[in-house]
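Read top to bottom, the protein sequences are chains A and B.
In terms of the numbering used here, the first sequence opens at residue 46 and continues consecutively.
In terms of the numbering used here, the second sequence opens at residue 46 and continues consecutively.
Note that these hints are calculated values from the structure, not bench results.
One or more hints might be untrue.
[Unchecked claim] Which bits of chain A does chain B cover? Going by a derived footprint, with three or more residues having C-beta under 8 Å, they are:
#: 1; segment: 89-101
#: 2; segment: 261-275
#: 3; segment: 301-308
#: 4; segment: 391-404
[Stated by the list, open to error] Going by beta-carbon spacing under 10 Å, a handful of chain B positions derived as facing chain A:
#: 5; residue: Trp57
#: 6; residue: Glu191
#: 7; residue: Gln228
#: 8; residue: Tyr301
#: 9; residue: Lys303
[Unchecked claim] Residues of chain A placed beyond 10 Å of chain B at every Cβ, according to the derived structure:
#: 10; residue: Arg67
#: 11; residue: Pro82
#: 12; residue: Glu174
#: 13; residue: Gln228
#: 14; residue: Gly341
#: 15; residue: Leu360
#: 16; residue: Pro366
#: 17; residue: Val374
Computed from a predicted model, the values in this text were never measured in an experiment.
The beta-carbon is built from N, C-alpha and C at its ideal position, and this holds for glycine as well.
Protein chains: 2
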Amino acid sequence: VDVAGRPCRTIWLDEDDAAIVRIIDQRLLPHRFVVVPLRTWQEGAEAIRSMQVRGAPLVGATAAWSLYLAAREPRDVVADAAAGLQATRPTAVNLRWAIERSLADMASAGSARERCARARATAEAICEEDVAVNRKLGEHGVALIERAAAKSGVANVLTHCNAGWLATVDVGTATAPTYLARQRGIPVHVWVDETRPRNQGAALTAWELGQAGVAHTVIVDNAGGHLMQRGRVDLCIVGTDRTARSGDVANKIGTYLKALAAHDNGVPFYVAVPSSSIDWRIRDGLREIPIEERGGDEVSGIEGMHGDSVTRVQLTPSDSPAHNPAFDVTPARLVTGLITERGLCSASEKGLLELFPEHARDAG
Amino acid sequence: VDVAGRPCRTIWLDEDDAAIVRIIDQRLLPHRFVVVPLRTWQEGAEAIRSMQVRGAPLVGATAAWSLYLAAREPRDVVADAAAGLQATRPTAVNLRWAIERSLADMASAGSARERCARARATAEAICEEDVAVNRKLGEHGVALIERAAAKSGVANVLTHCNAGWLATVDVGTATAPTYLARQRGIPVHVWVDETRPRNQGAALTAWELGQAGVAHTVIVDNAGGHLMQRGRVDLCIVGTDRTARSGDVANKIGTYLKALAAHDNGVPFYVAVPSSSIDWRIRDGLREIPIEERGGDEVSGIEGMHGDSVTRVQLTPSDSPAHNPAFDVTPARLVTGLITERGLCSASEKGLLELFPEHARDAG
């Protein structure tokens, strides 16, 4: 995606200094665009924990690059780094996927130098594959938008949270079909859920759609059901942090409510699922996917721009406690279909295994 | 309800000066408790429009007091005042109800003085009846909380927006059963939906529950479905701005999403309905209840406390538009029951008419 007219990814190795990985500090968007360096795996882990980077695919890519930074160190810290990175956030399965892949690629290296080279190659491959996979998601998903536009004049797509360029290395998952539709001149408009408490929709999705020139409107998380009742949403496309082999989808808190509303109003509800976010080991998403609980301070206050500075304001009475689950699980029965890099399928074990038969025996 | 230990209503005639009606400027809560005077009907209309006062019953009471202020004027401005007040906000039916009642009571007055006395008596009666009705809602609803507490140890009640003391003259509608449960020593805990964009839950409901010593936890609007999936909500109780004779319920935007989640998880979903908020003239809530659309600035920014001052921060990119419907309609099929001042009934014309047979012939 272009930022201020220039192509930009969300994570990259510094062109001149192979000791530095660069990321965008997404906590400052949409108000400030600041690139920060990662020099150690601990800085990578902290970037994930503090949500300078977020989004399941980008969290995975950041873990892979952090393991590369670990492999550069003179002492052998890779195992510590893997454990430390794995502990940063519990819900997105891409973290485990990227760490396991990187460790496997490093395992048979003959020397520390070779191990480092392999870690770098793996991180680069994960990033390139992410972009390629997302382009495929776009190609498979754009037909849904094209069909809706043919019917309604303009395809009105509702999305929750940010499963865009900023949640991945580039292109995005849920946004990929939208960007492709825009390129192809298909009329598309996106309803952007604010996505409290961290406002990734209002802050990140709105910003990146604006950068890409995609028509969009921000709404509060409460509004989507009403819009669907009034026929103002043609389809929903969201991302996922972990999808069970049954098609149960863990995604940002509130996704489940939108899926219920879509189901109640006959609005197709699709999930963009790169295979890196499928957890082939589990079937029951509601019982088996760990849901991160974050601090109540994300609920009791919020950051925004006041004058020239990013300012936090307190929203609740100071003595009112808050509870902050970060994800929820949408049962497969509410999902119209999954958009994967190998095509569309039903949200079911059968549907997924038709596209990914190599995982038939992975269930735990 | 007590504020800082002293009983307080949300609207009252000044004890010493019958030319002044006093209200709480609710836009400043929970950060500041400020009482402001209304001296003209225009100030009353502006208080409703600017949401210094809000909540269907309190909007009705404020309209009645504003008509009293109009009736005090030397020129005959009552008809103008009625039209001006009616135009302030479209969704809550209590506004129409209070205005029509006050006009009817004034209609046969023999003199300007008598008309003014009648307007005052009507406003006083509307306020006293509101409190009495809300106490009845509490008595009829507390059994639901008692039953949940007997089953779960603590009754976990989820509510949306503010249908509390602050939305009425006193006691509240949806909160009335909770306050009564607290008085009776029944263990109760309230999940308070933040209720973006205006955060009446996080700002008002949390504050008044805190004042009353009711255990509560603030959550973002996205979280309720997840909590219901996990069995952490025993029942929902919300208010209403207008309920059709069919039982379709207009309430704050996002109510519909919670009703869907409650239905999907077998959680009872009740609406506290003082009869003043029933629109007996309409049947189809989705088609016939006008939904207010408010400014996008309520979505793109938010106010909160920063240091010592109430500060607005911008949340969205400055060039991203926002859309802001203020209410939605929950179809009667998703509502377990209505709590009225005459008892509980099903959300249906049959259920309502069994309690209110005098309205059998009101349908338009």
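(request) List, from low to high, the hint numbers that the structure doesn't satisfy. (result) Hints 1, 4, 5, 6, 7, 14, 15, 16 and 17 contradicted; others consistent.
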